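*Asks:* Just so we're aligned: 204 in this note's numbering is position 204 of the sequence shown, and the numbers increase by one with no gaps anywhere.
No lab work stands behind these hints, which were simulated from the structure alone. A few of these clues could be false.
To be verified - Result set (EDC-like, lysine to aspartate or glutamate): computed pairs, CA atoms no more than 20 Å apart in a straight line: (1) LYS131 x ASP102; (2) LYS188 x GLU74; (3) LYS82 x GLU193; (4) LYS140 x GLU193; (5) LYS123 x ASP28; (6) LYS167 x GLU130; (7) LYS140 x GLU130; (8) LYS76 x ASP102; (9) LYS73 x GLU193.
These numbers come from a predicted model, not from an experiment.
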Amino acid sequence: ILSMNICILIQSITDFIGTWAMPVGTLDRIGAEGNQATCTTQGFVEVIFKIAVPYYYSCLSIYSYIAVRNSFKEEKYRHIEKLGHLGAILVSLPVAITFAVDGGINPNFHVCFAADKPFGCSKDPDIPCEKGDDYTIALKAYYTWAVVTITFMIPPMALILTRITIKRANKNKNRTVGKQKIIEEYRKKILKEFTAQSCQYLAFFWTTQIVAFVAYGHRFI
1 ILSMNICILI QSITDFIGTW AMPVGTLDRI GAEGNQATCT TQGFVEVIFK
51 IAVPYYYSCL SIYSYIAVRN SFKEEKYRHI EKLGHLGAIL VSLPVAITFA
101 VDGGINPNFH VCFAADKPFG CSKDPDIPCE KGDDYTIALK AYYTWAVVTI
151 TFMIPPMALI LTRITIKRAN KNKNRTVGKQ KIIEEYRKKI LKEFTAQSCQ
201 YLAFFWTTQI VAFVAYGHRF I
């Protein structure tokens, strides 16, 4: 959770900087006061944390499922957290480096991001592209689908698996008696509350992400 919040903070700062990081004279961008170096730096950070935030949320969803599956016995799944941090680096840093080296980070909508230059030239045959070739566009498409998968597919799948695990635990509860049955009933109550809370968190998270996806998709309408 701490790592996800740090990512959100850094991404919020780069979003706040906005067009200031774009090179002076960028067409149709008010407030462009930077240069290519500031633009590349901003875009590099954006590419990393744009996917790192939903990645960490997905990891949290998976971690919660594993915790329920192991009856919250932390010693059985504590080691997974390190793999989660390693995965955050592997899914974001190589892509950001590739974009930066390939010249694929340029002024986008409100920040510098993976884009062609001039913006939209890859879709207009009358405008020659200075930067951002077909490889950049293909990599951006892959990156976008990765973000969509991590944001909208993995968390609900983890939630469904969590629910299935809870139902199986409820079946086992019916075969218990005495003190063990009381413990299992209390455990059932906690797990139901946990599931409801997870659904709320997922709804709130999607609410914060859907605006960005709608704004991005509006470009293609």
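*Asks:* Taking the hints in turn, state whether each one holds.
*Replies:* Here's how the hints hold up against the structure:
no.: 1; hint: LYS131 x ASP102; in the structure: holds, 8 Å
no.: 2; hint: LYS188 x GLU74; in the structure: holds, 19 Å
no.: 3; hint: LYS82 x GLU193; in the structure: violated, 27 Å
no.: 4; hint: LYS140 x GLU193; in the structure: violated, 39 Å
no.: 5; hint: LYS123 x ASP28; in the structure: holds, 18 Å
no.: 6; hint: LYS167 x GLU130; in the structure: violated, 57 Å
no.: 7; hint: LYS140 x GLU130; in the structure: holds, 17 Å
no.: 8; hint: LYS76 x ASP102; in the structure: violated, 43 Å
no.: 9; hint: LYS73 x GLU193; in the structure: holds, 18 Å
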